[in-house]
Amino acid sequence: MPGRIASLFRNLLRKRTVEQALHDELQSSVQLLTEEKMKEGLSLLEARRQALMELGGVEQVKEEVRAVRAGRLLEEFAKDVRYALRTLARSPGFTAVAVVTLALGIGANTALFSLVNGVLLNPLPYAEPDRLLALYSRTPNYDRSSISYPNFQDWVRQNRSFSALAAYRPNDFNLTGRGEPERVPAEMVSANFFPLLHVQPVLGRTLLPDEDQIGARPVVLIGERLWKRKFGSSKDALGQSLTLDDVAYTIVGVIPADFHYTGINFRQSDVYTPIGQWNDPTFRDRRASMGTFAVGRLKPGVAFEQAKADMDVLGRHLAGQYPEADKDTGIALVPLKQAVVGDIRPSLLVLMAAVGFVLLIACVNVANLSLARSTRRTHEFAIRTALGANRGRVVRQLLTESFMLALAGGGLGFLVASWGTRAALNVLPEALPRAEEVQLDGRVLLFTLAAAVLAGILFGLAPALKTSRADLHETLKEGGRGLSGARHRAQSVFVVVEVALALVLLAGAGLMVRSLAKLWRSDPGFEPHNVLTFYMSVPSTIDSPQVVRAGWRQLHDSLNAVPGVQVASLNAGAVPMANESDLPFWIEGRPRPSTQAEMKLTLFYLVQPDYLNVMRTPLKGGRFFSPHDDEHSPMVVVIDESFARLHFGGQNPIGKHVNFGILNVTAEIVGVVGHMKQFGLDEGPTPGLAAQCYLPIAQLPDRFIPLVARRVGVVARTAGSPLARLGSIRHALGQVNPELVMYEPKAMDGIVADSLAARRFSMVLLGTFAALALVMSCVGIYGVIAYLVGQRTHEIGIRLALGAERWNVLRMVLGEGAKLALLGVAIGVVAAFGLTRLMTKMLFGVSAHDPLSFAVVAGLLILVALAACYIPARRAAKVDPVVALRNE
Amino acid sequence: MGEKRTDLLRGTLDLLILKALSLEPLHGVGISRRIAQVTQGAFQVSFGSLFPSLHRMEEKGWVEAEWRASENNRRAKYYRLISSGRAQLKVEERDWDQLVKIMSAAMGSA
Chain Z
1 MPGRIASLFR NLLRKRTVEQ ALHDELQSSV QLLTEEKMKE GLSLLEARRQ
51 ALMELGGVEQ VKEEVRAVRA GRLLEEFAKD VRYALRTLAR SPGFTAVAVV
101 TLALGIGANT ALFSLVNGVL LNPLPYAEPD RLLALYSRTP NYDRSSISYP
151 NFQDWVRQNR SFSALAAYRP NDFNLTGRGE PERVPAEMVS ANFFPLLHVQ
201 PVLGRTLLPD EDQIGARPVV LIGERLWKRK FGSSKDALGQ SLTLDDVAYT
251 IVGVIPADFH YTGINFRQSD VYTPIGQWND PTFRDRRASM GTFAVGRLKP
301 GVAFEQAKAD MDVLGRHLAG QYPEADKDTG IALVPLKQAV VGDIRPSLLV
351 LMAAVGFVLL IACVNVANLS LARSTRRTHE FAIRTALGAN RGRVVRQLLT
401 ESFMLALAGG GLGFLVASWG TRAALNVLPE ALPRAEEVQL DGRVLLFTLA
451 AAVLAGILFG LAPALKTSRA DLHETLKEGG RGLSGARHRA QSVFVVVEVA
501 LALVLLAGAG LMVRSLAKLW RSDPGFEPHN VLTFYMSVPS TIDSPQVVRA
551 GWRQLHDSLN AVPGVQVASL NAGAVPMANE SDLPFWIEGR PRPSTQAEMK
601 LTLFYLVQPD YLNVMRTPLK GGRFFSPHDD EHSPMVVVID ESFARLHFGG
651 QNPIGKHVNF GILNVTAEIV GVVGHMKQFG LDEGPTPGLA AQCYLPIAQL
701 PDRFIPLVAR RVGVVARTAG SPLARLGSIR HALGQVNPEL VMYEPKAMDG
751 IVADSLAARR FSMVLLGTFA ALALVMSCVG IYGVIAYLVG QRTHEIGIRL
801 ALGAERWNVL RMVLGEGAKL ALLGVAIGVV AAFGLTRLMT KMLFGVSAHD
851 PLSFAVVAGL LILVALAACY IPARRAAKVD PVVALRNE
Chain D
1001 MGEKRTDLLR GTLDLLILKA LSLEPLHGVG ISRRIAQVTQ GAFQVSFGSL
1051 FPSLHRMEEK GWVEAEWRAS ENNRRAKYYR LISSGRAQLK VEERDWDQLV
1101 KIMSAAMGSA
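Protein sequence lines correspond, in order, to chains Z and D.
If you use the working numbering, the first sequence closes out at 888, no skipped numbers anywhere.
If you use the working numbering, the second sequence closes out at 1110, no skipped numbers anywhere.
Note that these hints are calculated values from the structure, not bench results.
Take the hints with a grain of salt, since some may be wrong.
What the hints assert, rightly or not - Label pairs and their computed distance ranges (CB to CB):
#1 G1108(D) / I383(Z): 25 to 35 Å
#2 R1068(D) / E75(Z): 22 to 32 Å
#3 G93(Z) / L1099(D): 54 to 64 Å
#4 G1108(D) / E75(Z): 42 to 52 Å
Stated by the list, open to error - These stretches of chain D come out as covered by chain Z in the derived footprint (C-beta under 8 Å, 3 or more residues):
#5 1036 to 1048
#6 1072 to 1085
#7 1096 to 1102
Glycine residues also receive a C-beta, built at the ideal position from the N, C-alpha and C atoms.
Put together the whole structure using the sequences plus the hints.
Structure below.
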């Protein structure tokens, strides 16, 4: 309606004129009515009185007319905002506490939501990410196992569902000839790996299919960082050669620095080489998988289920064709996003729920504060109502105040969140996949706004309704002190709710702390303290196996001679909590399995005789290796207790022989050692792969020597801090071979700690939220008790005047607080009992209903609540009866 | 502050005002008196309801207002029905007739 719109502008812009016209009209009406009445014979005064009565009050009619005017809502809103700002500025203490409380609540929520948003909600940062799938081999031992390259090639040839499939595996190199020799992280990738993810090179091109084959010209893609570091980001880098493990590769392209891909065994690297060029016999063995994984892009129009069915058929076909390698082996498809973030999802959702509680507590707290404050304002509202404001109007005005607070809290909360998100990611980045994608984007901003608005309604509505319901006459009579009963009840309910919510959070945090304490105390099966691990690489691939073995012995001797190194051992294969390597085997004297699937698997550790002295894993029977177990003596193997239990039951395994099919060797079992927790401190009693065995690295068959020589590990027990010994170790190794590269030094303690990263992440966050909740609920209970004491000063004065002891008063007030705290704790315990079940998966070694955790947090909460009550209680006990009574 | 009767027949107040203005321009008090007169005193429209209605109609463009001298030479704000207001009156009269017919039929049959 154009008329309405014109009126809207007139009403808003020419308010004074419009108001004046209304005033004139009503005055003239009064005049007309008065004259009418005078004609009936009334005196001027009486006529005017009756005229005004008939009109029903000039101001009231004005208010009715204003209420129907266009733009009324807008105008009132603006007025409310101005009024709210004035009111809030008048009580800076209340405003500050409310805004800070809300900022913490909203900030914590926003921070966590930005994690949830970045990790769970946002699509993966590739084109059409929904069509990307992660592919795995599905074996009887593992649901998601690595893929043998010959199988992968058959998948590529025979599938009908994917427009592209790409394989990758990590394969670091020694980079020489460009400054100091260094170890560069590298991945072997299929030619279509980058095109599949729609990654555009910064310079040059990606790999060509022709280059992804045995015998093709060695080419390499380099990462933008290496390009900058070694070539100063010069375009001339294209076509230049890069010497990696003594082979010259030609640079054909540069991969952008912001590229990242989160998949098993993939790290953002300095170097990418074509995987198809690798002609290692084991890599080409269908029975071996060498840590290869794959990613695929579905053809347009092919649904996930179709692809699954297609690949199932393909998998069965391969199993029939190559039973020895592929019997009972299938192909597992997982949407890429699920593959990347699937594990973290439940924890993040639990944390999101927890942080929601924090916001609830913040809201309850602010509601309570404004309720206490509105008590002092009942008079104001009564007067406003008497002057013609209706109830909705008063509610709206109070809500406006709430929204102003909520928006201020939200704004400050956004700052808190931007800081908090960074802090959370800095503390434990390794706990979170896609951490680099987390940022405060538009959706997070929207979330903050929604949280603020919701919070505003939540904490604003209760006091607003309560206040507006106040009985006009009563309030005006009581002079603003009235209604304490009802309001007092509401405040108490709020405090109880707050305490209950805080207890739930504390219980959750308590359970996490207990879990971690148990984990820290649990025995990993070795002694990680003061153990250093690192890798080294010598360009020895061209050396004969004899030379390599001699080199290893020499390195061992030099390492053990370094001052500060107590004992050291070279190792390869699996590394506890860091690297998994397994081998299929069968026991000699039992029927030989005809297929790989029927063979059992064991983790294998290739070590030197001193390994046990470094790790201090206990020897349970037989012997460990001696220097005489070398390439000239019969092969020996030491197994762990799990291996013995699983495969020999009660029998004595010593003297039995194990056949490792792929290695093509048979070894005699000479000893049994304790089990190491390979999969992290939180490894359960029955991990997917429990059997472990040790082989002397010197007895590794010749054919496998080059594979291991590329990356051989060291574990060293040091006197004092392990990382402090690095310098002298580097020096000693340099003496043996100046071309040797040392890399990835880590303290074993740190590796063990990292195995708990995700749990620590949850614990730190949950602990922070619980602490926030504790503080907020204390402020809440303090506020209410302080308010009650204030309300009852008169009564307390009378009591004291009548002879009550001060400690009676103290006890009375503390009792009031204790009643609320106990009720809250009781409700909280019941609620927590139901809710902590949801976090069972995050716990270790404690029941979700662990009585100790519950008791401790309940006690803590009661104690802190009483402490919060003590301040007002003491104030009450100090009331001077004379002053208190005179005040009335 | 509206009385029960006008609350009950919220729509009818507009109709009565439009009807009252259909004969000649009137000021607020005049409209009140005219409605009382034509309904034989059955409707005592309160000014708290009348003025908001008038102002809403003015914003909607059904009536126009101008200040002029009253019968006893007082300045008063007169409301005059204009074409869209007349159209609205027709619509409301038709609706009203229909409502009355339906209600009478309903009451008669019960």
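* Failing hints, ascending? -> 1, 7
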